Amino acid sequence: MADLNSLIAAGDTATADGTLPPEALPEPRSQGKLVLRKFLHHKLAMASTGVLVLIVLLSLLLPLFWKHGYEDSSFASFAKPSGDFPLGTTQVGKDMVSQVLRGTQFSLLIALTVSVLATVIGVVFGAIAGYLRGFSDSAISRVTDLFLIIPQVAAAAILAKVFGGGSWYIVALVLAAFSWMQIARITRAEAMSLSQREFVDAARASGAGTFRIIFKHLVPNMVGSITVNATLAVAQAVLAEAALSFIGLGVQLPDTSLGRVILENYAQLQTRPALFFGPFIVLVLISLTINFIGDGLRDAFDPRQRRMKA
Amino acid sequence: MSLVWYVLRRLAISLPVLFVGTFLCFVMVANTGDPLGELRNKPGVNLQAIADTEHKLGLDKGVFARYFTWLWDFVRGDWGISIAQGNAYTPVAPKVMAAFRVTLELVLAASVLALVFGVLVGVLAAVKQYSIWDYIATALAFLFFSMPIFCVAIVLKGYAIQLNGVVRDLGLADVLGDPWLRTVSPESLAATGFGDALAKFTGAFLLPTLSIMAITFAAYSRFQRASMLDVLNADYIRTARAKGVSNSRVIWRHAFRNALIPVMTLFSVNFGATVTGAIITETVFNWHGMGTLLVEAVVKNDTQVLMGWLVVIALSVIVANLLADLMYGILDPRIRVG
Numbered sequence: 001m002a003d004l005n006s007l008i009a010a011g012d013t014a015t016a017d018g019t020l021p022p023e024a025l026p027e028p029r030s031q032g033k034l035v036l037r038k039f040l041h042h043k044l045a046m047a048s049t050g051v052l053v054l055i056v057l058l059s060l061l062l063p064l065f066w067k068h069g070y071e072d073s074s075f076a077s078f079a080k081p082s083g084d085f086p087l088g089t090t091q092v093g094k095d096m097v098s099q100v101l102r103g104t105q106f107s108l109l110i111a112l113t114v115s116v117l118a119t120v121i122g123v124v125f126g127a128i129a130g131y132l133r134g135f136s137d138s139a140i141s142r143v144t145d146l147f148l149i150i151p152q153v154a155a156a157a158i159l160a161k162v163f164g165g166g167s168w169y170i171v172a173l174v175l176a177a178f179s180w181m182q183i184a185r186i187t188r189a190e191a192m193s194l195s196q197r198e199f200v201d202a203a204r205a206s207g208a209g210t211f212r213i214i215f216k217h218l219v220p221n222m223v224g225s226i227t228v229n230a231t232l233a234v235a236q237a238v239l240a241e242a243a244l245s246f247i248g249l250g251v252q253l254p255d256t257s258l259g260r261v262i263l264e265n266y267a268q269l270q271t272r273p274a275l276f277f278g279p280f281i282v283l284v285l286i287s288l289t290i291n292f293i294g295d296g297l298r299d300a301f302d303p304r305q306r307r308m309k310a
Numbered sequence: 001m002s003l004v005w006y007v008l009r010r011l012a013i014s015l016p017v018l019f020v021g022t023f024l025c026f027v028m029v030a031n032t033g034d035p036l037g038e039l040r041n042k043p044g045v046n047l048q049a050i051a052d053t054e055h056k057l058g059l060d061k062g063v064f065a066r067y068f069t070w071l072w073d074f075v076r077g078d079w080g081i082s083i084a085q086g087n088a089y090t091p092v093a094p095k096v097m098a099a100f101r102v103t104l105e106l107v108l109a110a111s112v113l114a115l116v117f118g119v120l121v122g123v124l125a126a127v128k129q130y131s132i133w134d135y136i137a138t139a140l141a142f143l144f145f146s147m148p149i150f151c152v153a154i155v156l157k158g159y160a161i162q163l164n165g166v167v168r169d170l171g172l173a174d175v176l177g178d179p180w181l182r183t184v185s186p187e188s189l190a191a192t193g194f195g196d197a198l199a200k201f202t203g204a205f206l207l208p209t210l211s212i213m214a215i216t217f218a219a220y221s222r223f224q225r226a227s228m229l230d231v232l233n234a235d236y237i238r239t240a241r242a243k244g245v246s247n248s249r250v251i252w253r254h255a256f257r258n259a260l261i262p263v264m265t266l267f268s269v270n271f272g273a274t275v276t277g278a279i280i281t282e283t284v285f286n287w288h289g290m291g292t293l294l295v296e297a298v299v300k301n302d303t304q305v306l307m308g309w310l311v312v313i314a315l316s317v318i319v320a321n322l323l324a325d326l327m328y329g330i331l332d333p334r335i336r337v338g
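If you read the protein sequences in the order shown, they are chains A and B.
Positions 1 to 310 (this note's numbering) are the ones given, in order, by the first sequence.
Positions 1 to 338 (this note's numbering) are the ones given, in order, by the second sequence.
Please keep in mind that the hints were generated in silico from the structure rather than gathered at the bench.
Hints may be right or wrong, so weigh each one.
Keeping only pairs whose Cα atoms sit at most 30 Å apart, straight-line, the calculated DSSO-like set for lysine-lysine is [said to hold, decoys possible]:
id	chain 1	residue 1	chain 2	residue 2
1	A	43	B	128
2	A	67	A	80
3	A	38	B	300
4	B	61	B	300
5	B	128	B	243
6	A	43	A	33
All values derive from a computational prediction rather than experimental measurement.
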């Protein structure tokens, strides 16, 4: 409604000849501003952003002030949750809150790395295949098939072992290696349809090379779907990493992650529920809020503003 | 006839992909560790014995030679023997097939139930758009979609054990069976008669199937809802309503059939996820399926078992995709497969 109000306000200051003074015209909005505006009005997405930012800040800042270090195992084994240990202590006598905080840091770090790498690989492959077609397209499509026939967790398990796995970045790299196919397929389809448009012909006519057309003309036009899928990839990576670590083939000590923290404590579900539900709830909150944010972004980038609000 | 050609062509295209995939995995896994490492480190071990074992397992040859030996034997039906220590050189094929049967049963049960359940929930949410049911379905879908599958399995298993205890305490164990909810694999069941076997079998499948379903049904229900809404807003639905066709007939005969088509594309995408889900769920419920086999093969550097595992899983994914595409053609006559 702000648009209308500013127009009415502008109307009040209209000069005698009926034209508007230039400063009274509503400021033209860039696409970025439009998207941001729509996103800011998406209540669920904004609430999710708030919760996610809170989790990120807590996991980064709270360990600086927390009274127990994550390595300190000098406490009683399986202490009950109390003011001193809000989630209790683990079997070896470590404070659970500091374990969860550190696990969250690593889970977020791994998921972000996976998403960035998967998006870059997927967009480059997809855009090249969709724009060049022909041999490049068939070659890239075959490679995509190759990565799709092996379940991600299995492939990552094998690769993590191959690269002497266990460090967080190894886990991130191998998960990324098996996460880019979805984005590549979407980008390929979009690049195919975009490359039929006049602006691509115009760019080619004015002498732009393949590289320039792909990265200066095609990719900027796909920024909506890339952003949405990159966001959803973060949520999937959080879950994939947790699954991998849970079957024991993911992150190894001294690194950790929420999946690993759950693996170490899930046997206590019945007797000491806080040890399981602490990391579990943080994990679900992270992936749930990211999924909601991705959904809000999808609505914000969609010029038709989908009928159905998810 | 063209259908047969189509199927054969699709399978033929997959062969190079399988070849490259197995080759890469073989080379990588063979180069990462020594399956005889444990044996070598044993004090006072006979060097000649190690050399003999190496020769017997073909480990004295180069990686490439080993791969092509494996490939040549494999295409002739010989999957080789497990090279991990402690497995007593058991043949790979029965080992992988037994594990695959366990996983396949689980995957099929979960896929079909998730598809049926997800589609029904999606239709309900679309028909009653913006009602309380729609919001509940949406909330549940997002929640399960964001949940790690092993946590669902852990929670189900944990509370089932507790519930069994309650049943026992209440003295209902005679009526409901003891344990009431099964939290172990069906392999360990001793059944008397067919009815008993069926009951125990279903019981053992209940919790793992629910765990996998919880995750996959969410995607189906969201997809079905969107596609149903698209169809319900189409002109021919308005025409049907204007003609006076009853509401249930419009929904089930006119809208539902067409709205089902896009969901089939999701089936092939979801299949890989379901297999992964089964692998993880098996670990929680101690089933000896493909999950346990994978972890064991990777940890013990057992290239032979891993190759068998890989080929079976890859083939099942390829076949599932093919089936989904064929189904697509059957459901939608506008799409001709061939």
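Problem set entry | Restraint check for residue 61 (chain B) with residue 300 (chain B), where alpha carbons must lie at most 30 Å apart | holds (19 Å)
Exercise. Taken at face value, is the distance from the CA of residue 128 (chain B) to the CA of residue 43 (chain A) at most 30 Å?
Worked result: holds (23 Å)
Exercise. Is the straight-line distance between the alpha-carbon of residue 67 (chain A) and that of residue 80 (chain A) 30 Å or less?
Worked result: holds (17 Å)
Exercise. Between residue 128 (chain B) and residue 243 (chain B), is the straight-line Cα distance small enough, at 30 Å or below?
Worked result: Answer holds: residue 128 (chain B) to residue 243 (chain B) is near 22 Å, not above 30 Å.
Exercise. Is residue 38 (chain A) close enough to residue 300 (chain B), meaning Cα to Cα at most 30 Å?
Worked result: Status violated; Cα separation ~53 Å.
Exercise. Is residue 43 (chain A) close enough to residue 33 (chain A), meaning Cα to Cα at most 30 Å?
Worked result: holds (17 Å)
Checked against the numbered hints given earlier, this structure breaks only hint 3.
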